[in-house]
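K.L.:
For this one, chain Z is given, so just place chain U on it according to the hints.
Keeping their order, the protein sequence lines are chains Z and U. Numbering-wise (our numbering), the first sequence opens with residue 1 and increments by one. Numbering-wise (our numbering), the second sequence opens with residue 1001 and increments by one.
Hints are computed from structural coordinates only; laboratory data are not their basis. There's no promise every hint is true.
[As the list claims (entries may be wrong)] Calculated cross-link-like contacts (lysine to any residue; reagent style SDA-like; alpha-carbon spacing at most 20 Å):
1) LYS130(Z) / THR1091(U)
2) LYS130(Z) / THR1227(U)
3) LYS130(Z) / MET1264(U)
4) LYS130(Z) / GLY1310(U)
5) LYS130(Z) / ARG1232(U)
6) LYS238(Z) / ILE346(Z)
7) LYS130(Z) / VAL1222(U)
8) LYS130(Z) / TYR1209(U)
[To be verified] Below, a sample of chain U positions facing chain Z; criterion: calculated Cβ distance under 8 Å:
9) ASP1066
10) PRO1205
11) GLU1210
12) THR1221
Don't be surprised by glycine CBs; every beta carbon is placed ideally from N, CA and C.
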Amino acid sequence: MADVALRGVSKSYGTVDVIHDVSLDVGHGEFVVFVGPSGCGKSTLLRMIAGLEEVTRGDVLIGGAQVNDVAARDRGVAMVFQNYALYPHMSVRENMAFGLRNIGTPRPEVDQRIARAAEILQLDPYLDRKPRAMSGGQRQRVAIGRAIVREPEVFLFDEPLSNLDAALRVQMRTEIARLHHRLGATMIYVTHDQTEAMTMADRIVVLRAGVIEQVGAPLDLYERPANLFVAGFLGSPKMNFLQGRVTSAQGTEAEVEVAGGVRLPVRVRAGAASPGDGVTLGLRPELFTVAPDGPILGRIEVVEQLGSTQLAYATLADGTPAVAELRDRRPPAVGSEARFAIGPGIRHLFDAQGHAITLPEGGLP
Amino acid sequence: MTAAPQVRTLPLAEPRTRAPRSPARRREGLTAFLFLAPFLAVYLLFLIYPFFKGIWISLHDWDLMDDSIREWWGFLNYSDLWADPIFWQATRNTLYFVALTVPSMTVLSLLLALAVSGGGRVRAVCRTIFLMSSVFSVTVVTLIWTMVLSTDRGLIAPVFQALGFEPINFLGSPTWAMPSLTVTTLWWGVGLPMALFLAALGAIPRELYEAAELDHASRWTVFWRITLPSIRHTLVLVLILQIVGQFQIFGQAQLMTNGGPSGMTRTLVLYIYDTAFRDWLVGYAAAIALALFAMMFLFSMLQLWLGRRGEES
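Next comes chain U alone, as it looks inside the complex:
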């Protein structure tokens, strides 16, 4: 009698059975979970839950104050959004602000980082000064810049007068209002990206620069061929952080111009705020918020993809 073969063939579709986990491994897993638990709790409670709640709200007529108004509207809010000229204006404004701010912030913070990186007391003092503006609250920053840009008591008006020009009402001008918000934002926000660039620049081995010096590289060549490729990861990070951050511009627009003149600085978050908390149309506001999220996500992914592609080539 021949013994039946003891080989069991696994059907292809059968999931691989897990090897029995030893108690030590299970303990490790439990420890890991315990360490992760506080973060996961916060993440679920304050990010995942509100996100899906937001989607849910966006499908309703949802009144903030009156719990009895919770009518299922399906995609009505979204079709309204598509036809809403104010939404499209706010989108254009936001994109304009992002287009003004993100490249200039990135270039400016990189230039500052290049200027103040390295040894010496003057540079250390400059680093501190440039970082300091970041610690102010938006209220303080906008107050300062509203005063700086003021036509009668501002810092810039006397310069215009001295040159024989009529001072520009920056915040009241449809042309200059948004660039003024950009300048304010640059002054306020340049510290963090500069710090990121400083860290990246500090991590480039000094020998690379010495080798480049012996290789007759000009300063320009050194910047393009050594420095920039060495900090490209930080560059992508800064761009993504800036895109995510600047799409959400709110405080400056609300406090300095309140969306004016004639809606020229009404940004998406400002529109969301007005819709939800002035007009109490929370469902509609949630729909705009999701549209904003989609835009930010799209641009961040695009940036990440471009960064990766650049690296591969």
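Looking at chain Z on its own, in the form it has when it is part of the complex:
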């Protein structure tokens, strides 16, 4: 096990900068998830840690040692690739043994490690199969097994579940989380799926366009997003954003007026808001409810039935799209006019630049 640190890491391809001055510490045994939309640089960052991409500027440290110029093989990392990258003409056993044989591990130890990995991942019946005779989920388990047998300092996962179907993804998600608890190894996991990030991570790193937007525990990011991007990226369905204006501000007490003339008290950082400022109010769908006497008018576009709850997608009178989470077996009909109210709970306020100005303050550690 080892910790991983990035110090002012940047990456450029020619004149195109894809990673900008990223600094991050990943502790011993921590499970950190890099999440962000396609092209945000999360995989590039992971590959730089693995040693598969060169670092343009800055330092990568593993176990406290700078490894910029250390070959990938000597960094003590194991990686699980998105498309598994299993050696197609080798059996499962050979796939797992390959790395150990290459470093001259004695045969009994190779067998012992494979047996242990196969037991953890329930691969025993498939050890003599070729990858092409296996399902996607089994192949992914082999890929993980290949990483486990090497007993690496750091596990790197590059979108390992994105080629699997939804049900299998959920199952593998729990298996990887369980594996992390069992091995206690440092794991860095890349995904574009915020649900994976929320459910698996000790800490989430949200990236956009090569820049870290926010780092924190899943619930921290969910409850205290540092900006509009993080607020909109994490959580399903997405947070509602209502345009508004500050009507009064006194110390940390402010009042905001949004569509429909609704005025809401919001606690903000002292001095962060002044009367007349244009702001964005962020509300999770569970705070946005349909109420017969609610002040905000809208039209129901779609209702999704999820069993215990329903999601009503609406367009408000000023054209803003919004989602309300309902607990009503008889939700409003599609196409009907409805009234919405804002319930009690965390109200997020963002200034004109999209930075959170709400208390308690979110933000970079």
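P.N.:
Chain U in isolation, oriented as in the chain Z frame:
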């Protein structure tokens, strides 16, 4: 009264009757046939018909110029062939050429492909250069190499002289004539197999190499355990194409040595050509051609079988 059972049992040997074909299916079949027709016409006219015509001719005394000479000889041409020392010499020469050329061409084209695959301008330029020699005609290639190998004005002779050796007359030497044809052929033909290998190498997922790098695989291990197994289909294809192609060596042997010295580079196709168009014994030439076909077929099948067997194991 009981109704007679309406079940008709099919006798085992009766062929399964075809289900009545719907008009849509018939139309599809017709469309498919129309698309295939041009190819089938060419195939029948220029491959199947000449092949059987060749067999037919090989069973006759057949004069190219005189239509009146069409005497049925049965297998006489074949029994003559069996006893013909020149045929056996040509066969040995051809097999020797194939044995020299096919492995070296395959290895060389693979090495070149490995060297020039991947990004970068230098590699792209090299790829073009190596491919370029393939577009020359055999006349140009043999002319170039006849000059290169020439004892008095060649490219290699001065090297020998500088080292204090007597220059070798490559094309006139019984030992060196065939290897010289091989070198010429390698230079001329390496482009296509290299292109095939390049395509195959390009299709290997990059992640396999990255995984191997993380697995501490040496370059040698990567080549043997990742690259080579990944391109084995192309390897078999290249070997078969080379076997089929090199068995038919003709232009180089005719233009550079004309079968000499003392028949050491007389190959089967050259012998066929001389027999048919110099001696006008078309029936006998057809018999040699069929013997050559049998050899090529045998070796190609052997190669294919070995390739399959390797895959299964």
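K.L.:
Now tell me, hint by hint, if it's right for this structure.
P.N.:
Hint check results:
1. LYS130(Z) / THR1091(U): Distance of about 44 Å is beyond 20 Å: violated.
2. LYS130(Z) / THR1227(U): Cα-Cα ~17 Å, so holds.
3. LYS130(Z) / MET1264(U): Violated, at about 50 Å.
4. LYS130(Z) / GLY1310(U): holds, 15 Å
5. LYS130(Z) / ARG1232(U): holds, 17 Å
6. LYS238(Z) / ILE346(Z): Distance of about 15 Å is within 20 Å: holds.
7. LYS130(Z) / VAL1222(U): holds, 19 Å
8. LYS130(Z) / TYR1209(U): holds, 18 Å
9. ASP1066: Given a least distance of 60 Å, the restraint on ASP1066(U) is violated.
10. PRO1205: holds, 7 Å
11. GLU1210: Holds: closest Cβ of chain Z sits about 5 Å from GLU1210(U), inside 8 Å.
12. THR1221: holds, 6 Å
Of the numbered hints given earlier, the model fails hints 1, 3, 9; all others are met.
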